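Given chain H's structure and the hints, the job is docking chain L onto it.
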Amino acid sequence: DVKVTQSSRYLVKRTGEKVFLECVQDMDHENMFWYRQDPGLGLRLIYFSYDVKMKEKGDIPEGYSVSREKKERFSLILESASTNQTSMYLCASRRLRGVPNEKLFFGSGTQLSVL
Amino acid sequence: AQKVTQAQTEISVVEKEDVTLDCVYETRDTTYYLFWYKQPPSGELVFLIRRNSFDEQNEISGRYSWNFQKSTSSFNFTITASQVVDSAVYFCALSEDPGTSYGKLTFGQGTILTVHP
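Taken in order, these protein sequences are the chains called H and L.
For the first sequence, the positions run 393 to 507 when my numbering is used.
For the second sequence, the positions run 7 to 123 when my numbering is used.
With the rest of the complex left out, here is chain H:
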């Protein structure tokens, strides 16, 4: 089975800090995604990547950036964390790009609290 691993389950940061959330998948998937999950809002797409060094903005990219230097790793960066970025962050990966009927595999999530 595919394994998607997020580096931290819980993270507490202060306003203004630069925050890195790391995600690694072990099945050579081309696509990787970052979502945030908030009560009542479901999952909202922040950024996704369809290949190494390639990225696309999702629905809510403001305040975030991403990095994909290697195929297995997709990092989400909060340049200057703010309290409204307190949320659960979910990473996901998928086997083929441009094949929307392929299912996503998700990590367990990182609960980020910005104080």
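By construction, these hints were calculated from the structure, which means they are not laboratory data.
Incorrect hints may have been included.
Unchecked claim - Result set (DSS-like, lysine-lysine): computed pairs, CA atoms no more than 27 Å apart in a straight line:
| # | chain 1 | residue 1 | chain 2 | residue 2 |
| --- | --- | --- | --- | --- |
| 1 | H | 463 | H | 410 |
| 2 | H | 449 | L | 110 |
| 3 | H | 462 | H | 447 |
| 4 | H | 447 | L | 110 |
| 5 | L | 44 | L | 9 |
| 6 | L | 9 | H | 447 |
| 7 | L | 76 | L | 9 |
| 8 | H | 410 | H | 462 |
| 9 | L | 76 | L | 44 |
| 10 | H | 445 | H | 395 |
| 11 | L | 44 | H | 449 |
| 12 | H | 449 | L | 9 |
| 13 | H | 447 | H | 463 |
| 14 | L | 110 | H | 462 |
| 15 | H | 463 | L | 110 |
| 16 | H | 445 | H | 410 |
| 17 | H | 449 | H | 462 |
| 18 | H | 405 | H | 447 |
| 19 | H | 395 | L | 22 |
| 20 | H | 445 | H | 463 |
| 21 | H | 463 | H | 449 |
| 22 | H | 395 | H | 463 |
| 23 | L | 76 | L | 110 |
| 24 | H | 445 | H | 462 |
| 25 | H | 395 | L | 44 |
| 26 | L | 22 | L | 44 |
| 27 | L | 110 | L | 44 |
| 28 | L | 110 | L | 9 |
| 29 | H | 445 | L | 110 |
Stated by the list, open to error - Sample of chain L residues facing chain H (criterion: CB under 7 Å; computed from the structure):
| # | residue |
| --- | --- |
| 30 | 49 |
| 31 | 50 |
| 32 | 51 |
| 33 | 53 |
What the hints assert, rightly or not - A few chain H residues that don't get close to chain L, going by computed Cβ distances all over 12 Å:
| # | residue |
| --- | --- |
| 34 | 405 |
| 35 | 411 |
| 36 | 418 |
| 37 | 444 |
| 38 | 454 |
| 39 | 462 |
| 40 | 470 |
From a predicted model like this one, the values you see are computed outputs, not experimental measurements.
Here a beta-carbon is modelled for each residue, glycine too, at the ideal position from N, C-alpha and C.
Relative to the frame of chain H, chain L by itself:
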């Protein structure tokens, strides 16, 4: 733009009851894909089912069944004889044509299902 609506925020049932989770979607594409995911308390989303827009056959898998109706843009999920282990957050999701979106998945707001013993 695509949109997925799960109007039921929370549902509470007693074990062995049947329960239906509603999902209504909006899309301008004629080719699209619908999904259901389960998120148990552990947090990791688990894939349940995928359905193509051109396949309206209903599907049954054990206690789970799905009713896809293009005429009403709905893709509802029924659990028969619910069990405590079914307690989770359930998400409906929509993916449009790959030529326009790289298969971006849009999720609904989620429905919290609690099954009491």
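Okay, the hints, checked on the actual structure:
With a CA separation close to 23 Å, the supplied pair residue 463 of chain H and residue 410 of chain H stays within the 27 Å bound. The hinted pair formed by residue 449 of chain H and residue 110 of chain L meets the criterion: a straight-line CA distance of about 11 Å does not exceed 27 Å. Pair hint residue 462 of chain H plus residue 447 of chain H holds up; C-alpha atoms about 13 Å apart against a cutoff of 27 Å. The hinted pair formed by residue 447 of chain H and residue 110 of chain L meets the criterion: a straight-line CA distance of about 12 Å does not exceed 27 Å.
For the hint pairing residue 44 of chain L with residue 9 of chain L, the CA-to-CA distance comes to about 19 Å; that is within 27 Å, so the pair holds. Between residue 9 of chain L and residue 447 of chain H the alpha-carbon distance is near 22 Å, which keeps this suggested pair within the 27 Å criterion. Pair hint residue 76 of chain L plus residue 9 of chain L holds up; C-alpha atoms about 15 Å apart against a cutoff of 27 Å. Annotation: proposed proximity of residue 410 of chain H to residue 462 of chain H holds, straight-line Cα distance about 21 Å (limit 27 Å).
A hinted pair counts as satisfied when its Cα atoms are at most 27 Å apart, and residue 76 of chain L with residue 44 of chain L qualifies at roughly 23 Å. Distance check on the hinted pair: residue 445 of chain H and residue 395 of chain H sit about 21 Å apart at the alpha-carbon level, within 27 Å; holds. With a C-alpha separation of about 25 Å, the suggested pair residue 44 of chain L and residue 449 of chain H falls inside the 27 Å cut-off, and the hint holds. Proximity of residue 449 of chain H to residue 9 of chain L is assessed by CA-CA distance (about 17 Å); at most 27 Å being required, the pair is judged to hold.
Of the supplied pair hints, the one linking residue 447 of chain H and residue 463 of chain H holds, its CA atoms being roughly 12 Å apart against a limit of 27 Å. Between residue 110 of chain L and residue 462 of chain H, the direct Cα distance comes to roughly 21 Å. Compliance with the 27 Å bound is thereby established for this hinted pair. Straight-line distance between C-alpha atoms of residue 463 of chain H and residue 110 of chain L comes to about 19 Å, which keeps the hinted pair within the 27 Å bound. For the suggested pair residue 445 of chain H and residue 410 of chain H, the alpha carbons sit about 21 Å apart, so the restraint of at most 27 Å is met.
For the suggested pair residue 449 of chain H and residue 462 of chain H, the alpha carbons sit about 19 Å apart, so the restraint of at most 27 Å is met. With a C-alpha separation of about 26 Å, the suggested pair residue 405 of chain H and residue 447 of chain H falls inside the 27 Å cut-off, and the hint holds. Annotation: proposed proximity of residue 395 of chain H to residue 22 of chain L is violated, straight-line Cα distance about 33 Å (limit 27 Å). Restraint check for residue 445 of chain H and residue 463 of chain H: satisfied, since their Cα atoms lie roughly 9 Å apart, inside the 27 Å limit.
Proposed proximity of residue 463 of chain H and residue 449 of chain H is supported: the alpha carbons are some 18 Å apart, at most 27 Å. In summary, the hint linking residue 395 of chain H to residue 463 of chain H is supported, as the alpha carbons are separated by about 14 Å, within the 27 Å threshold. The suggested pairing of residue 76 of chain L with residue 110 of chain L holds, with an alpha-carbon distance near 20 Å, which does not exceed 27 Å. Between the alpha carbons of residue 445 of chain H and residue 462 of chain H the distance comes to roughly 8 Å, so the proposed pair stays at or under 27 Å and holds.
Between the alpha carbons of residue 395 of chain H and residue 44 of chain L the distance comes to roughly 17 Å, so the proposed pair stays at or under 27 Å and holds. For the hint pairing residue 22 of chain L with residue 44 of chain L, the CA-to-CA distance comes to about 19 Å; that is within 27 Å, so the pair holds. A distance of roughly 19 Å separates the Cα atoms of residue 110 of chain L and residue 44 of chain L; the hinted pair therefore holds under the 27 Å criterion. Simply put, residue 110 of chain L and residue 9 of chain L have alpha-carbon atoms about 12 Å apart, close enough for the 27 Å limit, and the pair holds.
Of the pairs offered as hints, the one joining residue 445 of chain H and residue 110 of chain L holds, with about 18 Å between alpha carbons and a cut-off of 27 Å not exceeded. A least Cβ separation of about 5 Å between residue 49 of chain L and chain H falls short of the 7 Å threshold, and the interface hint therefore holds. For the restraint placing residue 50 of chain L at the interface with chain H, the shortest Cβ-Cβ distance is roughly 5 Å, inside the 7 Å limit, so the hint holds. Interface hint at residue 51 of chain L: satisfied, since its Cβ lies 4 Å from the closest Cβ of chain H, which is below the 7 Å cut-off.
Interface hint at residue 53 of chain L: satisfied, since its Cβ lies 4 Å from the closest Cβ of chain H, which is below the 7 Å cut-off. Separation of residue 405 of chain H from chain L is adequate, the least Cβ-Cβ distance of about 19 Å exceeding the 12 Å criterion. Every C-beta of chain L lies more than 12 Å from that of residue 411 of chain H, the closest at about 19 Å, which supports listing it as non-interface. With a least CB separation of 15 Å from chain L, residue 418 of chain H remains clear of the 12 Å interface cut-off, as annotated.
Its beta-carbon lying about 15 Å from the closest one in chain L, residue 444 of chain H satisfies the requirement of being farther than 12 Å from that chain. Separation of residue 454 of chain H from chain L is adequate, the least Cβ-Cβ distance of about 17 Å exceeding the 12 Å criterion. Against chain L, the non-interface label of residue 462 of chain H holds: every CB pair exceeds 12 Å, the least being about 20 Å. Distance check on residue 470 of chain H: its Cβ is at least 20 Å (rounded) from any Cβ of chain L, clearing the 12 Å threshold; non-interface status holds.
In terms of the numbered hints stated before, the structure departs from hint 19 and from no other.
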